[in-house]
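Heads up, the working numbering is the position in the sequence shown plus 2, with the first residue counted as 1.
Worth double-checking, as some hints may not be accurate.
Derived Cβ-Cβ restraints for the label pairs, each shown as a range [unchecked claim]:
(1) 100 - 201: 36 to 42 angstroms
(2) 292 - 139: 37 to 43 angstroms
(3) 63 - 95: 33 to 39 angstroms
(4) 281 - 217: 38 to 44 angstroms
(5) 282 - 195: 24 to 30 angstroms
(6) 255 - 193: 22 to 28 angstroms
(7) 192 - 97: 33 to 39 angstroms
(8) 216 - 255: 53 to 59 angstroms
(9) 100 - 271: 47 to 53 angstroms
(10) 218 - 296: 46 to 52 angstroms
Keep in mind the hints are simulated off the structure, nothing from the lab.
The beta-carbon is built from N, C-alpha and C at its ideal position, and this holds for glycine as well.
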Amino acid sequence: MLDEHIPNSLIARYYGVNVVHSDGSVWRRYRFTLDVLGKAAFGIDFNSRGIGYKFDKIIEPKLEDLVNGNTESNRKDLLDLMLKACEDPENQNLTNTELRHNLGVFMLAGHDTTASSLVTVLYLLAAHKDVQQKAREEILTVLDDDLTPSAEQHRSLKYLNMIIYENLRLYPQIAILPARVTTKDIECCGNVITTGACIQIFIYGIHHSSKFWKNPEEFLPERFENESEESGSWFGFGGGFRKCLGYMIEQRIVLCLLLRKYEISLTSNSIHKDGLKIDMAYSGTMSPIPVGLLFKRRSE
């Protein structure tokens, strides 16, 4: 099982529940994001009850197929690309253990944050019908009869991208970055930080600071019309070389599928009518208290 490869069932300890093996509400909450991650990264389907795959059993057959030249020419999931990169003589090969750890991190980093981000952005769209309609019109114009966006269409969904940026500004899924300890004295903005100091970046605080953002508590997707994501005041996907690999792709796909087919509203008795209620986990992640939404199918 997956948790046999991650000491002390890290997934269960990190999230408080074992999302991979759950058959109940937890599994239903994360099933869609696990499906997308499974198909895109590993080329397998996670949508099953007793998931019996070990990462080693995923890696070994693919590695054997690669050596024997049996890979599908159009199969380009993350594991295939990682294995292919190992063939490059200029690159240091990854061991099976290193591959397994990388895939484990990909799973941990991808499904909980994306699931929570989708909940918060759907809440914002339900609470701001004008924004929802404008996003829907853009999706219908750009995609036409296509169900999901191509690489080129992804870049053309400018307003949808602004919505996602603003959602992650208001509700960054990683509110506080893990602590790091300085290895030498450094000077920053006239202040000396001594060796051994514990440093953390409070992303939520930066995203909600009036020093960097006008009306920081308001939902204004248009603020990203000219705002650069590299401005130094937005960290929705991290930054630099360690920026998130998925980088909004999954959110765009899901929102395109939903908005073209459904009108989204808050339930009449929603506890979030006056603002989204958020839980902060000890790990520094943010997740909304369950949000009730109504999906009304649109007439074509």
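Status of each hint after checking the structure:
| no. | hint | in the structure |
| --- | --- | --- |
| 1 | 100 - 201: 36 to 42 angstroms | 27 angstroms, violated |
| 2 | 292 - 139: 37 to 43 angstroms | 30 angstroms, violated |
| 3 | 63 - 95: 33 to 39 angstroms | 18 angstroms, violated |
| 4 | 281 - 217: 38 to 44 angstroms | 25 angstroms, violated |
| 5 | 282 - 195: 24 to 30 angstroms | 26 angstroms, holds |
| 6 | 255 - 193: 22 to 28 angstroms | 44 angstroms, violated |
| 7 | 192 - 97: 33 to 39 angstroms | 46 angstroms, violated |
| 8 | 216 - 255: 53 to 59 angstroms | 31 angstroms, violated |
| 9 | 100 - 271: 47 to 53 angstroms | 50 angstroms, holds |
| 10 | 218 - 296: 46 to 52 angstroms | 29 angstroms, violated |
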